[in-house]
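Keeping their order, the protein sequence lines are chains A and B. Our numbering numbers the first residue of the first sequence as 14 and each following residue consecutively. Our numbering numbers the first residue of the second sequence as 8 and each following residue consecutively.
Check each hint, because a few of them may be wrong.
Examples of chain A residues toward chain B, derived with CB under 10 Å [stated by the list, open to error]:
hint : residue
1    : 29
2    : 37
3    : 48
4    : 66
5    : 69
6    : 73
7    : 92
8    : 106
9    : 147
10   : 150
Away from chain B, derived, C-beta distances all over 10 Å, residues of chain A [claimed, not checked]:
hint : residue
11   : 39
12   : 82
13   : 100
14   : 134
15   : 153
These are computed hints drawn from the structure, not numbers from a lab. Beta carbons: idealized from backbone N, C-alpha and C, even for Gly.
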Amino acid sequence: MVALPLHHYLIVGAILFALGLIGFLARRNLIIMFLCVEMMLQGVSINLAAFARYRGNLQGQAFILFIVTVAACEAAIALALILMLYRRQHSLDVSKWQELREPGEEATEDTEPLPPAPREPPLPHLTPAGVEPEHQPEESHV
Amino acid sequence: MFFCLLSAEISPAAQWWPIVLPLLAGAAAIYLLLPRPRAYPVLWGAALGLVALMLAGVLLTRSSVFSPETILFWSFSFLAIIAGALLVTQHNPARAALAFALVVLSTCGLFLLLAAPFLMATTIIVYAGAIIVTFLFVLMLAAHSGLSDADDRSREPLLTTLAGFLLLGTLLFVLQRYDQRIQESTQEIDRLLSRAHEAAALNSRADMEEKIGKPGDDEELFNQFNKLFHTWKDLHQRSEQASISWSNIDHNDPRAVEKSREVLRDLVALGESARYRLGWLPAAADVPFSHMSGPPPTVASENIRRDEQGLPRMPADNAAYLGRSLFSDFLLPVELGGLLLLVATVGAIAIALRRS
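Generate the whole structure from the sequences, applying the supplied hints.
Quick look at the structure:
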């Protein structure tokens, strides 16, 4: 029986890394950008685990544990930052923060308007079914 | 080894299209699926993406082995890639977070295939259990109805897709070259080994000499081995010694056949160790490495214990051995990691504190 060659795992890691890069550059939601960075880390982790397996050595796995540690720290800080940014602008859009760009850079503007949100179907209008009967207020003897 | 890998000349189109074809389809799919105010039909992008995935599976790996391991590998990696594409292209951030959970889970499946069960458990607990759940909380806090700039627009979808797939293309190209070189060299070694085996099976010295070739000829077996070993000095020396002892055997010696077989057996052993050395960059011999994390990189690849698939053996008690490695080789990094967690906790609290 032949084992899977090493480069199969490396290809999967490379694809996840590239997808994460695209997501980080293209998306504008702060949280999705963060998740894309985490996906890039996952791609790197697959590489490290594969090298550890094909070298018979645990050092790669130890590296992944440190990646997980750093990712946890990063998640805590990113969550705090995102909460702070959301409180200031009431939106998760990164482009709201584009006054932080370098001097001399053009501001990006969204030219194409968003299509109007589909209107929700109106609630059915119910006719009152009848007169509410009078009833005695409940008494309790607790 | 690596220099000859990079300096070998690039052959024409034949090598390019197995990489370029799936990449183009994948880039088109991601470009069509990225969120924008006037979206393209989802079906086009999805169909193109599936085509890209199938093409990549067939053209890039060319594997025809069907074992439980390969089937699990294929399903986990396809799941990871599809979920990754969903994460990048999904409008609804809550669904994107769930797609990321799927990426993490299928990566954990790959970790299991790579003999890392402790990492699988850690990753599920930390990522799927903690990170995603906290981020879902924030998403729910920030949720609002209708379309928004944050979720339904992308920055420069065309340029971004090009950049990402250009990076992927270069990575895949190098990996493909590497794999091709290793396969070619393995086939060459196997061919020579089978020739040596055939020669050793013959019953007279004259037949063996005929099988091996005239001395001095380029096609002679020993010359071929010498040429193959030119990057490994020790193997080269030993194969030259074998060649000398082969020519020193006297024809009239009654034990000539046994002696020749012995020389051929040595040669086969050399070839076997060369097979394990392919693609294996050795560390410098005088660099200190401990044995606490498994065989250190200074150990020659042919001296590592391997299973019947040819992979190095890993300890079954993964967590115990990983702990041994962490608290011997990586003691200082573990302490630093703890410190980093503490600093991150303090920093997160300080940033998120409401100052009113």
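Hints and how they fare:
1. 29: 5 Å, holds
2. 37: 9 Å, holds
3. 48: 5 Å, holds
4. 66: 4 Å, holds
5. 69: Holds, because the Cβ-Cβ distance from residue 69(A) to chain B comes to roughly 2 Å (cut-off 10 Å).
6. 73: Constraint on residue 73(A) satisfied, holds at 9 Å.
7. 92: This interface hint holds because 6 Å falls under the 10 Å limit.
8. 106: 4 Å, holds
9. 147: 41 Å, violated
10. 150: Since chain B brings no Cβ nearer than about 40 Å to residue 150(A), farther than 10 Å, the hint is violated.
11. 39: 4 Å, violated
12. 82: Non-interface label on residue 82(A) violated, nearest chain B Cβ at 4 Å vs cutoff 10 Å.
13. 100: Non-interface label fails for residue 100(A): nearest chain B Cβ at 8 Å, not farther than 10 Å.
14. 134: 14 Å, holds
15. 153: 39 Å, holds
Hint violations for this structure: numbers 9, 10, 11, 12 and 13, all remaining hints satisfied.
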